[in-house]
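There are 2 protein chains.
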Amino acid sequence: MKFATLPNGTLDGRLVVVSKDLTKAVDATVIAPNLLSVVQNWQEKAADLQALYDLLNAGKVDAAFDFDPSTCLAPLPRSSQWLDGSAFINHGKLMEEAFNTKPIPDFDTIPVMYQGASDDFQGPTADIPMPSEADGIDFEGEFGVITGPVPMAATLDEAAQGICLLVQINDWSLRSFGPREMATGFGFIQAKPSSSFAPVAVTPDELGDAWKNGRFNLHLNITWNGERFGEPHGSEMNFSFPELIAHAARTRKLNAGCVIGSGTVSNKSRDAGSACIAERRVIEKIDLGEIKTQYMRFGDSVRMQAKFDDGRDGPFGVIEQKVIANK
Amino acid sequence: MKFATLPNGTLDGRLVVVSKDLTKAVDATVIAPNLLSVVQNWQEKAADLQALYDLLNAGKVDAAFDFDPSTCLAPLPRSSQWLDGSAFINHGKLMEEAFNTKPIPDFDTIPVMYQGASDDFQGPTADIPMPSEADGIDFEGEFGVITGPVPMAATLDEAAQGICLLVQINDWSLRSFGPREMATGFGFIQAKPSSSFAPVAVTPDELGDAWKNGRFNLHLNITWNGERFGEPHGSEMNFSFPELIAHAARTRKLNAGCVIGSGTVSNKSRDAGSACIAERRVIEKIDLGEIKTQYMRFGDSVRMQAKFDDGRDGPFGVIEQKVIANK
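Protein sequences, first through last, are from chains A and B. Note that full-length UniProt numbering has the first sequence beginning at 1, numbered continuously upward. Note that full-length UniProt numbering has the second sequence beginning at 1, numbered continuously upward.
Only chain A is shown next, with the shape it has when bound in the complex (with noise of 0.2 Å):
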């Protein structure tokens, strides 16, 4: 199944059916007023939102309209919840290079995550407004999960269990704020502003063999004005999902409607290119010797959209975005 969230003045926007092809939606509000409320209440909802669906691909709901992916918000507007792991251990790897941090003690065995702002998410088309262009203005490529109720010290198998949908996500990110936060060991505020989400939320089916042993076996593709930056695959993982979900709930039940990202997705190949400018600026240290690449101005685009192996466009949509002048 696939859904957006549109606009409807409430906090959690009112829910839609997307069909498999992205082309049409359907208001679904008659089951669930809204995303959050299918993924707190997910066995009673499920069966009837797959009916939907199935009649919707069909061409037989006379209510539906053109999907317009412009018009959506984030799957989930707000959440209680935003944890995001750095699941790819070559960007970590590289990120301390680039910021020269100390190295992050069992980085290999203990998952890394910080919790991040969840009142705020932004929708796949939303301009973004930064403070500065001198604050290091960079996207983060991501794949993500949404949970539905994960309980304390929940096994592998509960975590994988809680996964309820598949999203993608643009962790944006203040690259001039990263080291003094890390150095506090608090985590990050100000580096890590609201970050965005492509407009389709999906059930892991939708993947097929592209998801597997809890992870998104998909290219992120990414350009960065129109220019292509780079094309990681979410298969090198070094952490699956439910790592990162039972990481997340070793102390704490998790409430319906947790987002769990999976960090910058990173290929240990150089061809692979990069999901984020901090990790090609250290790469371009490396094997160039020197940085070539600055952070984003004000009027600069991203725009991310995964692909199947067989070069299909993937589930969620397309984030383009476009950062601007905070007022």
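Keep in mind that the hints were calculated from the coordinates and are not lab data. Please note: incorrect hints may appear among the correct ones.
Since copy identity is lost for identical chains, a pair holds within one copy or between any two.
List of simulated lysine-lysine pairs, DSSO-like, C-alpha gap at most 27 Å [said to hold, decoys possible]: (1) Lys253 - Lys327; (2) Lys253 - Lys322; (3) Lys20 - Lys307; (4) Lys212 - Lys253; (5) Lys93 - Lys307; (6) Lys24 - Lys307; (7) Lys322 - Lys307; (8) Lys24 - Lys45; (9) Lys307 - Lys268.
The model shown is predicted, which means the values in this text are computed figures rather than measured ones.
Since the structure of chain A is provided, determine the placement of chain B on it from the hints.
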């Protein structure tokens, strides 16, 4: 004004207005369904709520009922944002010594803050399930504020204007996870289970002169298993709440309902005692040469109540909780 939240099967609970003496309450859902909607629509709702509060205090509300804190949820049972400062530098310096962590850079001049779980705030008398006594179970007595909307890059004045309500918090902590999580630089996940709140959230005027310089000029009286533990005073906070809010909003707006904590209340004078066990332990190590106090066991209880300088009870009611084994 004083507010509390009672359960009604929804994520946000239902709003009640509580009398100044905390003996009576009245349903306020005809004005606003829950406290989150109050802070979202403060200008629109405040006058009606004040009128109801005045009538309740005058004994003129037929529908008033006895206020029972044991039935209360946290004032906000969930929120989209919980940011906890470490604004009592005395505490921070002692904790560095306790856990042998590196000095935090710019600790005296830039607030330190972590983002915590806000999906499952606990009520004032809820039993608190924890996975293991070996995790270093600790309480942290704190003061906090709930904001309305705060713009990105808010000035100190705008930050001060964003303060809607004052609250009292127990920021549960698991000390065995803290040093490793700090060493990642990514902040606390496993070290910080869901926080608990005193039953009543109040407008700043309820503190009278004790709300001064953006600080709670109140003692926070803490007992552990019925024995006095400390009564540190909020006036020694090194950063004010407007400073914490402006720090949080530096690169992102805060939507209404953001909860910002002071960090553990802590005083330079040893006579004040402490608001968490970890701080007492390091003081024992410094002053006595050995740690005598162990962390909490299942069945242990902690009680926290604010007090005015003249000995009157603070306005928030009492946090009184027992730690139990997670089933």
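Copy assignment of Lys307 with Lys268, given that the CA separation must stay at most 27 Å: within (19 Å within a copy, 58 Å between copies)
Same-copy or cross-copy closeness of Lys93 to Lys307 [CA-CA at most 27 Å]: Within one copy only: 26 Å inside, 50 Å across.
Same-copy or cross-copy closeness of Lys253 to Lys322 [CA-CA at most 27 Å]: between (36 Å within a copy, 18 Å between copies)
Intra/inter-copy verdict for Lys212 and Lys253 if alpha-carbon distance must be at most 27 Å: So Lys212 and Lys253 pass the 27 Å test inside one copy only (25 Å; across, 37 Å).
Within, between, both or neither: Lys24, Lys45 at alpha-carbon 27 Å: Within. Shortest intra-copy distance 21 Å satisfies the 27 Å Cα cut-off; inter-copy 40 Å does not.
Intra/inter-copy verdict for Lys20 and Lys307 if alpha-carbon distance must be at most 27 Å: Within one copy, since 15 Å is at most 27 Å while 60 Å is not.
Intra- versus inter-copy proximity for Lys307 and Lys322 (alpha-carbon distance at most 27 Å): Within one copy only: 22 Å inside a chain, 51 Å across chains, cut-off 27 Å.
Copy assignment of Lys253 with Lys327, given that the CA separation must stay at most 27 Å: between (39 Å within a copy, 12 Å between copies)
Lys24 and Lys307: within-copy, between-copy, both or neither at 27 Å Cα: within (20 Å within a copy, 60 Å between copies)
Figure legend: structure checked against the earlier numbered hints; every hint is met.
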